[in-house]
Amino acid sequence: MNDYEPVIGLEVHTQLATESKLFCSCSTKFGADANRNTCPVCLGWPGALPVLNSKALEYSIRVGLALGCEVTDRLKFDRKNYFYPDLPKAYQISQYDMPVNKGGYIEVESKGSGEKRRIEITRAHLEEDAGKLLHEGVVGGSLVDYNRAGIPLLEIVSEPDIRSPEEAYEYLVTLKAILQYLEVSDCNMEEGSLRCDANISVRKRGETKLGTKAEIKNLNSFKMVQKALQYEIERQINSLENHESVVQETRLWNDEKGQTFPMRSKEDAHDYRYFPEPDLVPFTISRSRVEEIRKTLPELPGQRVERFTQDFGLSRYDAHVLVQDKTLAHYYESCVQAKANAKLASNWIQSELLALLRTRKLDIRDCPVKAKDLAGLIRLIEEGTISGKIAKEILPEMFESGKSAEEIVEKKGLVQVSDPKLIEEVAERVLQANPKSVENFKAGKKQALGFLVGQIMKETQGKANPKLANEILEKKLGH
Amino acid sequence: MAENTANQNLFQLTLREARDLIKKEGSEALLKSLNARIESVNPKINAVVRFDPAKYNPGKGSGPLANVPISFKDNICIHGRETTCASKILAGHVPPYDATVVDKLKRAGAHIYAQCNMDEFAFGSSCETSTYGPTRNPWNTEYVPGGSSGGSAAAVASDMAIAALGSDTGGSIRQPAALCGVVGLKPTYGRVSRYGLIAFGSSFDQIGPLTKTVEDSALLLNVLAGHDERDSTSLEQPVPDYTESLGRDVKGMRIGLPKEYFDAEGIDPEVEKSVRAGADLLKKKGAELVTVSLPHTEYAVAVYYIVAVAEASSNLGRFDGVQYGARTKAQDLKTMYLETRDAGFGEEAKRRILLGTFVLSAGYYDAYYLQGQKVRTLVREDFEAAFKEVDLLLGPTSPTAAFKIGEKAQDPLAMYLSDILTIPANLSGIPAISIPCGLTSRGLPIGLQLMAAPFDEAKIFTAAYALEQEIGMYKQRPKL
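Going down the list, the sequences are from chains A and B. Numbering-wise (the working numbering), the first sequence opens with residue 1 and increments by one. Numbering-wise (the working numbering), the second sequence opens with residue 1001 and increments by one.
Because the hints were derived from the structure by calculation, they are not lab data. Check each hint, because a few of them may be wrong.
[To be verified] Have a look at the derived ranges for each label pair, beta carbon to beta carbon:
hint, chain 1, residue 1, chain 2, residue 2, range
1, A, Glu-159, B, Leu-1413, 42 to 50 Å
2, A, Leu-252, B, Asn-1057, 56 to 64 Å
3, A, Pro-282, B, Ser-1062, 38 to 46 Å
In this text the structure is predicted, and so the values were computed from the model without any measurement. Beta carbons are placed, not taken as given, at the ideal position from N, Cα and C, and that holds for glycine.
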C-alpha cells in the first residue's frame, strides 16, 4: 500500500450568493415551488437573450483575488453544447479558454500542525447551472425543475496537487472558509450551493508520470469526499497489484455501500463543441475595477489564524477550529472583546458550546447564547464567583432561557463559597463522617483526598471553591 | 408619392400616407381594404401565414405610428400569437413575451397586424423551405420572392402589408427586397435589439424594415433603433431622426463602386447595367463616383457558411421536444431527441445543423471556425479601409433578378452564391439597404444596394431617397 502515492485534483462548483440569476433577473432563492423562479431567458425560450449579472462577476473576482489568481482583463463566455433535458438551451454558457481567474493557490494546513502545503488552483471560471430532473413519483417520464437553471456557479479547479484523502478534506474545509469569509457563497452542500467532483489516480512512489484517473461524482459532503477517495485509492491499487488496468471513467459514490460504481457509460466521449458565446460580447475588465474590489476583501481565514495565535496566544489547532467558520470566529472575538479570558473562551466555545449546539442540531448562527453572555459566564469563572462545574450546569440553562449567567447565578444562589470558615465547618463534618478515608490518606493513599474534596462539593451542592476546599482539607489532615 | 389618396385603393398606401390618413379618419377603412386585399391576393402569393382580423383588432393606439398596421416575419416573437419560424418543429409555439421590436412598435401605437412567410428558420434565399409552402413573387408567380424574408417582401410588394419587418443574417431582408422591388434595410449590427428574434446566426442577425419607400424605412427605423438592456449586443448609440436625412443634398458625397461587386462571376449584365445607371444618377446630382476594391469579397460566402451555421447549429439545439413545439414520443430520451428533430426540421435546416456541428467539432474547429473568424476580420477590414475613402458603397444587391421556383432548390451551392453581395455587410456588421432601380426585360425588379460605415444609416437614407425620387420605381406595382 505504501508503495503507492495517490494523486488527487478537485473540481468545486460553488453557487455565488447573488440575489438574481447569472443572465436574467429571476430569483435564486432555494426551495421555491418547481419552475417558479423562471423566465424566458433561463428557460432558453426562442428569442430570449442573456445579460450578465455584474454582481456575479464581482463575486468571481473577489474569489480570484483571495486565491491569488490572475484576474482576466477580458471577460469572454463560451457555449458548451450538449443535449440533456435539464439544459434548456442545449448549451451551457460557460468559459472555455479565458476563465475569469487563472492560477492561484490554497494553503492547506493539516490539523493546525503549522505544516502548510500549497495546492495550486488551475482556474476558476463563471458559468450557469442547469435545472434538475425529477424521476421520483413520476409515471411514464420525468419532470424538470428549472429553478436552478441559470444560477451563477464558480467552478474552482485544482491542480492534481493533493496527496491524500485527508488533505482533500482539509482543502475543501479551507476553501469553504475562504468563500464564506468573502461572503460570496452560502456553501450549503445540502442545498447544492457547494458541490465537489474528485479526480484521482495512483502511481508508484517516485514515479513522475500520472496514472489513469477516475472521476468521482455524487459526493454530498466533505466526509464523503474523504471516504470515497480512500475507497478509490484502495480499489485502484488493488487493480494495479492484480495487473489489471485502471479504466478512465466517471464513477459514482454510493454512501450506503461505501463504494464507488462506474456511472452508466455514456455512448461516446462528449464533444462539447465549445465556441465563443455570440450573445455576450467580450468586454474589458478595467484594472481599476479589480483594484476597487481588492480593497473590499476582508481578513481571510489564514490571516486570522495567525492573528489569533499571536494576539490571543491560542494554539494553531485551536485557532484553526475557531477560524474555519466565519461566524464562529466572529463569536469568539466578540467574547474576547466582552472581556472573557481568550484561552478560556476558546476552550469553552470548542468544548461546551459546540457540544450543546450539536446535540440541539443548531448552527452557531442560531446560537441562543449571545457572545457577551458567554463572556459573562467565563468572567464569573475567572473571578471565582462560580466553579467550572457550576458553569457547566448554567450554560444549558442559558441556552434554554436566554438569560445571562449572572441572572441565573443570582436567582439560584449558585455563587461559589469561598468563605474559609464555612468550608472549614463542612470539612470538619466530612472528616468525621469518613474516618476510613482519613485513615487511608494517612496511610499514603493520596487519592483519598480527592474523594474527601468531592464530599465537600456534594455537601455544598458544588458551590465550594474546590481549590480552597483542597487547601483546608490538607491542612486539617496535617499535611 | 401618391398624394391623392382618394383615388387609389387604400391598401396601396405607404406607411407615411397610412399614418396621415389614420390620424384624420381612423384605421377602419384602411384595414378593411387591407384585409380584403389579403383575402384576394394571398392565395396566389402565400406571403401571409397568420392573420386574424377578428381576433387582433387594432387598439386605440397613440404615438407616432398610431394604429398603423405592421406585419412581421414569422421569427419575431409576438406575445400570445403562434410564432414558428415556418418550421414544423415549432408548430403551436406561442411566445409568452413580445420581442423588443414588437414592444417598441406597440408603444409607438402601431397595430400588430399579420405574420409573414419565410424560409424555415431563415435558412434560404428563395422562401421555398417553409413548412407553409413557397411564397411566390408578386411580379411573376412562377418566380421566387427571394429569402429568407420572402413573405415580408412579397406582402409589401403586393400591397398585402403597409410595411413589414424582416431579419437579415446574410441578406435575408435585402435580397428579397431586391427581388420583389421594395425597400429593405439591414441596420448596423447592434442598432436594433435582437431580443425576441428567434436566432439563426446570433452575431449576424439584425431586424429591419421592408417598406414601399425609403421614407417609410426611415420612419420605422426611428421607432426600432436604440439600445435595449435585454440585448447585450445592442449598442448605446444616439438615435437621430432619420427622416431628417431625406431630401438632403448628395452633392459632394463620395460613392465607392466595389469592382468585385460588378466583376463577380454570375452577375447578370442587365442587373449590372441598371445598377450602374443608378450610380450615374447620383453622379448627375453631384456625387463623386470612385472605384474601390473589397479584395476579400470572394471568401465571404464560404466564411459565412462556416460561422453562421456554427452558431445556428447551437441556436437550434433547444428545439429538442422537451419544453415547447412538437415532440415525437419515444421509449427513451435519445430516440425522442432524434425522432423529434428528424420529423420537425426540414432538409435545409438539417443540412445547416450538420454543417455547423461539423465545423465546431474537435479537430475541425481550428481549420474551419477559427479560420473563418480570421477571414471575417479581413472582410471587415476591407470595409474599414473603404470607408476611409468614401461615404457609401454602391453595387447590386443580388447578382440576378428573381429565379424560378425550383430552379435552385436542388443545388444548395448555387442558392448560397445568390447571397454573395449581401453577406459581406453581415460579416462586418455594417448597415446596407436595397432599393429598386429598374426592371429586367422579363419585368422582374432589380435591386441596388447602398452600404455605409457602422451607424451611418442617415447617409444611406440620403442617397437612397435621392435615387428613389430620380428612378421613380416606387410608383410601379406588379399586376395581380
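Checked hints:
Checked against the hint of 42 to 50 Å, the pair Glu-159 of chain A and Leu-1413 of chain B passes, with Cβ atoms roughly 49 Å apart. Between Leu-252 of chain A and Asn-1057 of chain B the beta carbon distance is about 58 Å. The supplied range of 56 to 64 Å therefore holds. At about 41 Å, the CB distance of Pro-282 of chain A to Ser-1062 of chain B agrees with the hint of 38 to 46 Å.
This entry satisfies every hint, going by the numbered hints stated previously.
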